[in-house]
Amino acid sequence: MAPSNSIPAVSTSARIQLLNWIFRPLDYMDVNFHRYGDEFRCNFGDQYRWVFLNHPDAVKTMFSEDGAAFSAPG
47 MAPSNSIPAV
57 STSARIQLLN
67 WIFRPLDYMD
77 VNFHRYGDEF
87 RCNFGDQYRW
97 VFLNHPDAVK
107 TMFSEDGAAF
117 SAPG
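Going letter by letter, the sequence shown gives residues 47 to 120 in our numbering.
To be clear, the hints were calculated from the coordinates, so they are not data collected in a lab. Just so we're clear, the structure is a prediction, and the values are computed from it rather than from any experiment. Just so it is clear, CB atoms sit at the ideal spot from N, CA and C, and this is done for glycine as well. Wrong hints could be hidden among the right ones.
Beta-carbon label-pair distances, calculated as ranges [claimed, not checked]:
no.	residue 1	residue 2	range
1	R95	F69	16 to 22 Å
2	D112	R81	30 to 36 Å
3	E111	A60	18 to 24 Å
Just need the whole structure built from these sequences, with the hints factored in.
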């Protein structure tokens with residue numbers, strides 16, 4: 047999995063992203079996976095920045111690593 051700063055980020059405003067996530071979560075993910083690929087970052091506000099993973103290998107890596115490669119500051 048790529049470092050978080052190299053993962054593409056959704057370009058719409060945090061407010062629009064949050065509304066789409068609340069009211070259309072499956073459409074939101076589907077549109078963004080098609081637009082940005084198997085990994086993308088979203089921003090739902092200052093305290094809510096998430097990375098979505100779609101590819102099974104990325105999910106496997108995330109759960110099988112010791113955690114040193116991943117950082118979740120905050």
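Evaluated hints:
no. : hint                    : verdict
1   : R95 to F69: 16 to 22 Å  : holds, 20 Å
2   : D112 to R81: 30 to 36 Å : holds, 32 Å
3   : E111 to A60: 18 to 24 Å : violated, 29 Å
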